[in-house]
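**Q** Build the full structure now, drawing on both the sequences and the hints.
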Amino acid sequence: MRQHRIMLGLALSAVLFATGCAHRPLQSVDYTAFRQAKPRSLLVLPPVNESPDVNASFSMLSQVTFPLAESGYYVMPVTLVAETFKQNGLSNPPEMHAVAPAKLKEIFGADAALYIKIKRYGTTYTVLNSAAIVAAEANLIDLQTGSTLWTGSASASNAENSNNNSGGLGGLLVAAIVKQIINSTTDAAHPVAGITSSRLLSAGHVNGLLYGPRSPKYGLDGQN
Amino acid sequence: MHPMKSDWISRLATCVLALMLTACATPQHMYGWGGYQDKVYEHFKGQGAGPEQQILGLEEDLQRMSGKGMAPPPGYYGHLGLLYLTTGKSDQAAQAWNKEKALFPESTQYMDFLLNNMKKQKG
Numbered sequence: 001m002r003q004h005r006i007m008l009g010l011a012l013s014a015v016l017f018a019t020g021c022a023h024r025p026l027q028s029v030d031y032t033a034f035r036q037a038k039p040r041s042l043l044v045l046p047p048v049n050e051s052p053d054v055n056a057s058f059s060m061l062s063q064v065t066f067p068l069a070e071s072g073y074y075v076m077p078v079t080l081v082a083e084t085f086k087q088n089g090l091s092n093p094p095e096m097h098a099v100a101p102a103k104l105k106e107i108f109g110a111d112a113a114l115y116i117k118i119k120r121y122g123t124t125y126t127v128l129n130s131a132a133i134v135a136a137e138a139n140l141i142d143l144q145t146g147s148t149l150w151t152g153s154a155s156a157s158n159a160e161n162s163n164n165n166s167g168g169l170g171g172l173l174v175a176a177i178v179k180q181i182i183n184s185t186t187d188a189a190h191p192v193a194g195i196t197s198s199r200l201l202s203a204g205h206v207n208g209l210l211y212g213p214r215s216p217k218y219g220l221d222g223q224n
Numbered sequence: 001m002h003p004m005k006s007d008w009i010s011r012l013a014t015c016v017l018a019l020m021l022t023a024c025a026t027p028q029h030m031y032g033w034g035g036y037q038d039k040v041y042e043h044f045k046g047q048g049a050g051p052e053q054q055i056l057g058l059e060e061d062l063q064r065m066s067g068k069g070m071a072p073p074p075g076y077y078g079h080l081g082l083l084y085l086t087t088g089k090s091d092q093a094a095q096a097w098n099k100e101k102a103l104f105p106e107s108t109q110y111m112d113f114l115l116n117n118m119k120k121q122k123g
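Read top to bottom, the protein sequences are chains W and E. Everything in the first sequence is counted per the numbering used here, starting at 1 for the first residue and increasing by one. Everything in the second sequence is counted per the numbering used here, starting at 1 for the first residue and increasing by one.
By construction, these hints were calculated from the structure, which means they are not laboratory data. Check each hint, because a few of them may be wrong.
[To be verified] Per label pair, the in silico range of CB-to-CB distance:
#	chain 1	residue 1	chain 2	residue 2	range
1	E	K120	W	G146	26 to 32 Å
2	W	G204	E	G46	33 to 39 Å
3	E	H29	W	G146	31 to 37 Å
4	W	G89	E	S66	36 to 42 Å
5	E	T86	W	D187	21 to 27 Å
6	E	A71	W	K38	33 to 39 Å
[Unchecked claim] Covered by chain W, per the in silico footprint, the following chain E stretches (three or more residues, Cβ under 8 Å):
#	region
7	34 to 41
8	60 to 71
9	78 to 90
10	98 to 107
Quick caveat: nothing in here was measured; it's all calculated off a predicted structure. Don't be surprised by glycine CBs; every beta carbon is placed ideally from N, CA and C.
**A** Here it is, written out as C-alpha cells:
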C-alpha cells in the first residue's frame, strides 16, 4: 500500500514538474528584424501617459531599468536622459516620442529605443472591491533604421491574489472600504507599475523581448 | 514488500521533490540594485531626501555591493554623476560618468556628450 502511494505521488510530481515551468510553444511575434539588429543598448523614452495620474510616467520610467538590465541590455541612465530632454526644451513625453530616431541616435548613441504608452494607472472602484491597476504597451524601435523590432503589452493589479475573503458580505464590504482607503491614500499603483514593467520588459516570456548580449542566456531564446 | 526497495523509492521521491523546488527558483540577479530605482523615483518626483542624501545612500549601497562582489546596474553611476553635478561637484560628476563608461562601454557616446557639455559650460 505504502509503496503504491509513493508511486502515485511520484507520478503526480512528474506531471507537476512537466507542467510547472512549461513555456508555451505558441509564438506569434516575428523576431527576424530583432535578431538581425542585435541591439545592445536601449534608450527608454519617458512614457506617454494616457491615465489621469500625473505620477504615472515617472513611476513607470523609474522601474524599467531592472527588467531590461537583468535581461542583458545596457539601459541609458533614465534620470540623465530626462534631464537632457529638458535642457533641449522638451518636457512632455509626447514631444520626446516625436523626435526623429536619427536625432536620438546622434545624442544618446543607443542601438534601439523603447516607446512606452501607459494605458491605465490608478485605482478602480467597484461596490465590493478596489484595485490598483497599471497597463502599458511598448514598441522597440531600431534607431539606425527607424523600423519596429518588437511590440508588447502587459498589465498588473494588486487585486490579483486577494480573492480569498471570508466573513460573508459584511466582511467583504469592510475589506473593500479598508482597501479603498489604502489604494487612494498611498502610492498604491507604484509597486503595481513595477510588476507591469517586469511583465512587459523581462526577456524569456512568450512573445516577450529577447535576451540581450550581457545576459548568459543571450542567443539561447526562441530557437527558430 | 522489501524494506530496502521502499527505502529506495522514498529517497527517489525526495530527490524529485528537491528538483521541483529548485527548478523554478528565481535566478540570481546580474547586478546589485540597492535602492537605485526608489531613489530614481524620488528624484523624479522632487520629493524625499534631496540630492546630498541620495548621494550618501548611493555611495553606501555601492560599498555594500562591492562587499558582496556585485556590480551596480546600468545607469547607477550615471545618476550619481547627475546628483554630483546638481550639488556643484563637477569633478566628481566627471569621475562618475567615466566610471559608467568603463563599466558599460555602450554608454560611451552619451557619456562623452555629457562630459563635453560640462566642459563647455565650465570654460
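**Q** Now, for every hint given, state plainly whether the structure supports it.
**A** Verification of the hints:
{"no.": "1", "hint": "K120/E with G146/W: 26 to 32 Å", "result": "holds, 30 Å"}
{"no.": "2", "hint": "G204/W with G46/E: 33 to 39 Å", "result": "holds, 35 Å"}
{"no.": "3", "hint": "H29/E with G146/W: 31 to 37 Å", "result": "holds, 33 Å"}
{"no.": "4", "hint": "G89/W with S66/E: 36 to 42 Å", "result": "holds, 39 Å"}
{"no.": "5", "hint": "T86/E with D187/W: 21 to 27 Å", "result": "holds, 24 Å"}
{"no.": "6", "hint": "A71/E with K38/W: 33 to 39 Å", "result": "violated, 23 Å"}
{"no.": "7", "hint": "34 to 41", "result": "holds (count 5)"}
{"no.": "8", "hint": "60 to 71", "result": "violated (count 0)"}
{"no.": "9", "hint": "78 to 90", "result": "holds (count 4)"}
{"no.": "10", "hint": "98 to 107", "result": "holds (count 4)"}
Hint compliance for this structure: hints 6 and 8 are not met, and every other hint is.
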